[in-house]
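Since each chain sits alone in its own frame, please combine them into the complex, following the hints.
Protein chains in written order, with the working numbering: chain A, 1 to 337; chain B, 1 to 316.
Hints were generated in silico from the structure; no laboratory data involved. What you were told as hints is all true, and nothing was included just to trick you.
The calculated label-pair distances, taken between Cβ atoms and stated as ranges, are:
1. A:ALA38 with B:GLN68: 29 to 39 Å
2. B:LEU303 with A:GLY313: 46 to 56 Å
3. A:LYS312 with B:GLU118: 46 to 56 Å
4. B:LEU308 with A:ALA38: 46 to 56 Å
5. B:LEU157 with A:ALA257: 52 to 62 Å
Computed from a predicted structure; not experimentally measured. For every residue, glycine included, the Cβ atom is placed at its ideal position computed from N, Cα and C.
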Amino acid sequence: MRLSKSLLVAALASAIALPAAAQQITGAGATFPAPVYAKWGEAAKAAIGIELNYQAIGSGGGQNQIFNRTVDFGASDAPVDADKLVANKLLQFPAVMGAVVPIVNLPGIAADQVKLTGDLIAQIYLGKVTKWNDPKIVTLNAGVTLPNLAIAPVYRADGSGTTFVFTSYLSVANADWKSGIGAGSSVKWAAGNGAKGNDGVAATVRQVKGGIGYVENAYATQNKLTTTQLRNKAGNFVKPTLAAFSEAAASGDWKNAKNYAVDLIDTAGPASWPIVSATFILLPTDPKDPARSANVMKFFDWAYKNGSDIAKGLEYIALPTAVQDAVRASWKSDIKG
Amino acid sequence: MSQTVAAPARSRRPLGDLAFEVLATAAGILVLALLGAIIVSLFIGGLPAFRQFGVGFLTSADWDPVQQVFGAVVPIYGTIITSILALLMAVPVAFGIAFWLTELAPAWLRRPVGTAVELLAAVPSIIYGMWGFFIIVPFMGDYIQPFLIDWLGDLPLVGFLFQGPPFGTGIFTAALILAVMVIPFIAATMRDVFQTVPPVFKESAYGLGCTTWEVMRSIVIPYTSTSVVGGIMLGLGRALGETMAVTFVIGNTNRISTSLFGPGNTIASLVALEFPESPAGSLKLASLLALGFLLFVISFIVLAISRLLLRKGKPA
Chain A
1 MRLSKSLLVA
11 ALASAIALPA
21 AAQQITGAGA
31 TFPAPVYAKW
41 GEAAKAAIGI
51 ELNYQAIGSG
61 GGQNQIFNRT
71 VDFGASDAPV
81 DADKLVANKL
91 LQFPAVMGAV
101 VPIVNLPGIA
111 ADQVKLTGDL
121 IAQIYLGKVT
131 KWNDPKIVTL
141 NAGVTLPNLA
151 IAPVYRADGS
161 GTTFVFTSYL
171 SVANADWKSG
181 IGAGSSVKWA
191 AGNGAKGNDG
201 VAATVRQVKG
211 GIGYVENAYA
221 TQNKLTTTQL
231 RNKAGNFVKP
241 TLAAFSEAAA
251 SGDWKNAKNY
261 AVDLIDTAGP
271 ASWPIVSATF
281 ILLPTDPKDP
291 ARSANVMKFF
301 DWAYKNGSDI
311 AKGLEYIALP
321 TAVQDAVRAS
331 WKSDIKG
Chain B
1 MSQTVAAPAR
11 SRRPLGDLAF
21 EVLATAAGIL
31 VLALLGAIIV
41 SLFIGGLPAF
51 RQFGVGFLTS
61 ADWDPVQQVF
71 GAVVPIYGTI
81 ITSILALLMA
91 VPVAFGIAFW
101 LTELAPAWLR
111 RPVGTAVELL
121 AAVPSIIYGM
131 WGFFIIVPFM
141 GDYIQPFLID
151 WLGDLPLVGF
161 LFQGPPFGTG
171 IFTAALILAV
181 MVIPFIAATM
191 RDVFQTVPPV
201 FKESAYGLGC
211 TTWEVMRSIV
221 IPYTSTSVVG
231 GIMLGLGRAL
241 GETMAVTFVI
251 GNTNRISTSL
261 FGPGNTIASL
271 VALEFPESPA
281 GSLKLASLLA
291 LGFLLFVISF
301 IVLAISRLLL
311 RKGKPA
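Extracted from the complex, chain B is given alone in its bound form (with noise of 0.2 Å):
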């Protein structure tokens, strides 16, 4: 936006705008400045574990305390497979969401819902983590997960999926959890960008004989796609730094579990939850530090893709 807006007479310009200019570029720099300095101190902290455990620190599945071996893979995948199998559950209800009140909804429905999806957005994750610990894990642990177990466990190739003791919390419960708070993000951004196709598209499809869902298919998707793909990806940022939610309902336990009602560990859950016991120097504040960096390097790779996306998308 800026370099558009050239200064034509950058001489004599009053001392003002000069003034405004070194503030604003300052605030912008200062910006730049934070996130550099973020990730520079998580590295420095983090590099006693990186030195100590080198390449084996991303390959390593042990987090022993007690022997001070930290490795990182069983939060790392924790935090990979919830958002994904968030995503899987989000993006569906998202779309229909926003299907409905772009196309569907009658005029006077559309204001309520698409701001009770805005409000949902504005509901703090401990809320999430409280309503789910209590409702949620008793729901699962009683009716859905012996259900599914006696249903699917003994399945050929799939069974293993579903297999373990039902304690109702879990890879899954927190996937469903962070599947609810990303609904909202995910549902709003498509809402918006399916109102930006021209209304003449849409006229023209529906007087070639096409239904809603024809419209929807051929026209709306194709025309913004990609920023549908980016806002899908703003939701996988918020999935994959959620703390406090996850932490309730995940099981916080420090193995990879093959079932997906076995409990498991995400980055940003454990380094929460371990750090008030890691004294100053030890191995285990660097293996957190080192952890939290590599949550930093995750998010910012799929922030940048979808700033990527969202970039591409905006039309002409």
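Just chain A, same shape as in the assembly (with noise of 0.2 Å):
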């Protein structure tokens, strides 16, 4: 029966797409992992056979599609709570991290050349800086000359995983923020302008003189934009370069994280990169069709072994062995197969 399930859904398959045998899983959620799920599942189904489909809805869309069972795996960037976990009987797991950088359109000043804290930015994004010659700007940039510029605060418009790691830093970062505004997916901004995606914030920023503005960091190198250096927990003022955000990967707590729910930002490490987060898979623990279930986790197994040099290219950070040797274990124990 099951056998005769999966030739059918194999048929299906290769009736839609030319090459024969894929084995299609789906999956649904965060915006955040798109790109690096997208070149995955290309070499995954060279490599071992198995087509991933990916809906990049949304982390809230993604958690919705899993509890109704309509997808294979859903994907969050923030986790969920340990109370909907177990009365949705889902597995939470990592699949791979990701950095959050500030972008500015500054003239004449090039990418990683501003040094800004996370204070700071909080400040920016409730409107109390408004300046960018502001005496608390210029303090910290000795040597590089900020013009008399109104700062133009730019935000993601639509709700999406990228605010959340950010506002998650602001709140750690200015405790104004915390109390006032928050973290979430979407927030009350108090300043400035939204836009859509990744692709409407930075054009946003290159559009507006004096923009400042975040997206996630692939997104960034891919398109050359003015990033700057963030003060980090150890004090010291880093760039962000793949190193700074493996540090920060490596510097997290895992060990104490329940359900792998580790908090990356502002990590303790000397040279870390703040704004670093992990993005998550949620798996059922009592799969409706368990062919497909253990595809999604070999796909991951793939993805853990063979994805790295792809996650690397695409400036994610893959996860430490020790994490991945312990989400292997949570599949044999949890899931029911």
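As structure tokens, then:
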């Protein structure tokens, strides 16, 4: 019975897409890791014959879809509450990590030249610091001539995991932000303009002189946007490099994180980039069709083993090996096959 | 229409006629049922928000997904203000187009220009959105807004309308794009109703020595006024519900800005942006559905008024 069903699925898949014998798995959710899932999907289809059909509909949508079991796995940037995981019979595990970077548009200023702190960015987005030549910014940037320009903050108007990561960082960095606005996939912004998607934010910042925004790092690198340095918890100014992201990922407290919901915001490493986050996969512990769930695990097992170069190429960070092994153990113990 | 065609011999109609009548009636009722079902499902979906916030949902300008507090004032304000501004810009231009097409244009130009107007109406809204974002927004931000802010921003009484940083986006830009989008609708309606004026009326006026403008003002406009208003209302209906084009250019901010260049939000745009990140059963989703219901009510009122005016305007 099971065999015939998977044969049917294979037949359907080959009828739709020409390469034969590819088994399809479906996932939906987070937009933040969508580029790396797409590349993994292509590579995995060639390597192990599993074809991933991933819909980047947003983390909230991904949670809804897996709660209703309309997809094989859900994906979410924000970890799901522990009681919700239990209620919906889901196992949560991290897939990959990524970083969010600030971008600016200042005439005559190159990438990673301006130094900022989380506290300062929070004050900018709160509308308290409104000029680029504000003394608070000038004192951090000796040697850089900052123009007398109004700061134009730009944020994601659509609910997004990138906003969740960014506002989580601002909540850690600034007490007013934490009490007044907080962290979420969309928040009550106090100043600035909203734009749709990473591309909308990037284009708006590019168009408005004095603009500042935030995008996921892969997007900033691909489009050669003007990023900034940030001060981390250790007090050092760091540039957004893969080394800085990896150090942040390594300094996370994975052992004590329940459901792998590790906090990678503003970690203590001396060279850590402060805005790093893991993104999560939600897999049913009582799968309707165990064969498809098995393929999902096979897919991520392959991605853990062979996908780190692809992730690196897109400036995402692969999970530490110890975490990968822990996830594999969870698959074995928690998923009914 | 259907009532005027009376069936004289209901008893001995062939079966085919009866079957056709049943099918046609069913199709008509289906539309009504669908409309009702959409309204009811939106209302039920939005009920948790109405229950939680009561009348406050209609009077609160707070939209705070983190604190789970939602109010509809900002998007309702944005929806109405952009639509009205768009009409203020669109109606004179549309009137000019219709006037020119019916009274002034040389006959060989009427067809191509008339077709061009209709083609404009068929352009998908996402195209207007992208054009607005990549062409109009930088143009507004670099030239129009700084100029207006410099010249009008310091005026007493009305100066506050023209202040703030020149982002290029905002209420004014959104209204401009909406105006471009509704002009073809209004112009086409106006042209059609202007053409319904019996030539003998106009010829009599010309015979009395009226100028073209006097004929337009004293004969054509009074004869067609209600239909013209109906056409404008149709344009308003489109402006109220427009989503993608507005999303690109309005600035997407849940604050009420006094400046015309300030960012804002509309109901349709907010719903489209926030929907993907609203988990099932959440208050946010309920609030978005409630907003959809309110937009339905607003559009329904506008369209009902337009239908009423159009019906009255039909010459007997």
